[in-house]
Amino acid sequence: MLYREAGQFKTTYVADSAIFPLREDRIGLAIIILGAYALAFLGNSFLLQAVMIPFLVFSLAAIGLNILTGYTGLLSLGTGAFMGVGAYACYKLMTAFPGVNVIVWIFVSGFFSAAIGALFGLPSLRIKGFYLAVATLAAQFFLQWCFIRIPWLVNYNVSGALDAPLRTLFGIPIIGPNATPQTRYLVVLTIVIVLTWIASNLVHGRIGRMWIAIRDMDLAAELMGIRPLQTKLLAFAVSSYYCGVAGALLVFLWYGGAEYDVFNINQSFFILFMVIIGGLGSLIGSFFGAALIFILPIVLGIVLPAMFEPFGISVAADVIEHLRFMIVGALIIFFLIVEPHGLARLWQIGKQKLLVWPFPY
Amino acid sequence: MSFRKLGLGLAAATMLAGMALPAFAQDSVYVPLFTYRTGPFAGSGTPIADGMHDYLRMLNERDGGIGGVKLVLEECETGYDTKKGVECYEAVKGKNPVVVNPWSTGITLPLIPRASVDKIPILSMAYGLSASARGDIFPWVFNPPATYWDGMSMLIKYIGEKEGGLDKLKGKKIGFLHLDASFGKEPIPLLQELSKELGFEVALYPVAAQDMQNQSSQWLSARRDRPDYMIMWGWGSMNGAAVKEAVRSGYPIDKFYSVWWPGEDDARAGGAGAKGFKMLNWHAVGANFPAIQDIQKHVVDKGLSKAPKDKVGELLYNRGIYNSLLIAEGIAQAQKLTGKKVVTGEDVRRGMENIKLDPARLKALGLEGFTDQLVLSCADHNGHRAAFMQEWDGTKWVKISNPIEPMTDRVKGQLDAAAKDYAEKNAGWPKRSEACDKAS
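Going line by line, the protein sequences match chains A and B. If you read the first sequence in the numbering used here, its first letter stands for residue 1, the second for the next number, and so on. If you read the second sequence in the numbering used here, its first letter stands for residue 362, the second for the next number, and so on.
Isolated chain A (complex conformation) (with noise of 0.2 Å):
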């Protein structure tokens, strides 16, 4: 009803080729953008902290591994050490030169990660497929092994783990033991909000169309006059950018201190499972996916034990955790068979129906 193409006329290229035609899309953004705001003033300690924080930050590196995986059709399990590269990049960078705002950090980091990615990028020029794959699980251990090995890079602490210390913006702590959970949430939003913009201006434009190519036929694209290498390096820095910016916010504005093995290989995994669960090639699906992955267990964490609990049934932690276990993996399994191209394909077959609704047609 309230959903409707009808009557919105398109009269230049330029309303003809927008990202959100619709109006009600385009009000619908701007609701959600509004309501994540009002969250930060609503939403508890434990929501922001524990749930939307972390949520932000692994749909930012989804998106990284989406550019990537889902647009060029590269498939990487260095995704774990690449945001490791960004967190180290940032520590050394905000305690070298405190004087510089940590905003500031957080976005160069991210340059750090991306020559990194590039690096390893070079082999995807030959390689493709599952052999490239194994090239980058080559980076991830690789890394890995530096942030153990290079004392220099947590600038020698005894304990080996990257800590945060107080950093400011506009006077009001936002890393570090004092910053509130609202402050780092409004930074990280902000953050991710602003990074996704430029992500779907990318995607959308002349070189997301390029790395699309890529995926699709590599040959033709090359025929086609695009340059593979170039194309595929290019998409390697832009999604280790945005892997190492989601790498240093996880650290920094989430954990607040973390060891060398948070960016292990089940990291890379955990971020690839978002990525195919929300749906390769879209935007809207590494939020998805990282909902699903991350957000479903603690809400079936909270959920369950308050469901036997009427009938006197006290389920264990332990129990607890292996239900959470094998609800989200047959869910993952069963999203997967209903819909093998993610729930983001899923959102929108629903707005399509939605379109002509009560209608079939």
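I should point out that these hints are in silico values taken from the structure, not numbers from a laboratory. A virtual CB, placed ideally from N, CA and C, is assigned to each residue, including glycine. Treat the hints with caution; some may be incorrect.
To be verified - Below, a list of computed lysine-lysine pairs in the DSSO-like style, where the Cα atoms sit at most 30 Å apart:
no., chain 1, residue 1, chain 2, residue 2
1, A, Lys92, B, Lys792
2, B, Lys786, A, Lys92
3, B, Lys781, A, Lys92
4, B, Lys773, A, Lys92
Said to hold, decoys possible - Not everything, but these chain B residues come out facing chain A in the computed CB check (under 7 Å):
no., residue
5, Arg398
6, Gly467
7, Pro471
8, Asn787
9, Gly789
Starting from the known structure of chain A, arrange chain B on it as the hints suggest.
Just chain B now, with coordinates in the frame of chain A:
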């Protein structure tokens, strides 16, 4: 589609309701227990979780809590995973916990800076950041009864005595098999300093977390290097695998020493060949104490525990009891200091600084001879207590030494430097503003 939306909405609504629910009665004290009964570290985590839970549950069942106030116990499963541990912390933070026990060095590190802000004391018993022993810099963190640096110095001291004096260590080679994480790497600086000073050689054998159960390459290197002694800093499935590999590769097991984390199951993994494996410990093994008998009577026999009956009194189970003993003492002391019955995290922090577990107090608690005495203070949040050596005789642990005092002179310098370094690197680290109680 609309069905899915409905489902999502329901889930969200339940989640919000679930978060609003936990409003506890005001006449109880909330003690969250971070445990792990799943994952690769469950082998070590489960008996500890049982011990921690059962002791506090026994206090509830037998005495109606502490000082007449019931304890509300809640386990949160961390799986030894930092991500889940931080989630657990956020989940319990709003329920006014009086103390948190992260039971993982990886989870402890991000929580240390938050403790003073959230006013929740952290009890990281003999793990975590060694430097947090300094109460004047880390007023909210407690890591009794000894730090890893103390432990390392005890092991070197013991080995030195076996050789006939510390100077006899010159020219010897000591292998250090450790989990390749901040936990395992912490004693390395001290080990290297001692090696320079005493003239022994150090060979490092790091074991990555994903390779814990496959240590063949480390033991192959050990076979090549032929270290005179082997010291292990392991946790979870790493300990059992190490004992097994040591036996298999023919390493003289009586030269194999460990810090205080292996349990009976780890030693049993080596079969008959594990006889002679030694480790540090600071509390008794066995169920022959009135308090543990009470646990049997009030908790295990009533089916309130998850521990099988024969596991009660095993090493790591008793380790869990020791941890809960500190929690209970902290609460009891806090009640004594403040005169309040329902204490808060701030009170328990004061209470823990006044822990005085002397033989008389242990006897009153039904744990006479369970452990050496422990006195904490405002400045000393650790105690730096001596530990003893125990040996695996094939079926059980046997105490084989007197208490070994740590080399305080060598450890203290490192500790102070590390604490200072930590405070400096974390710009804006708060100066201690919490007043000290007069030693009671």
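Contradicted hints - numbers only: Per hint list: zero violations.
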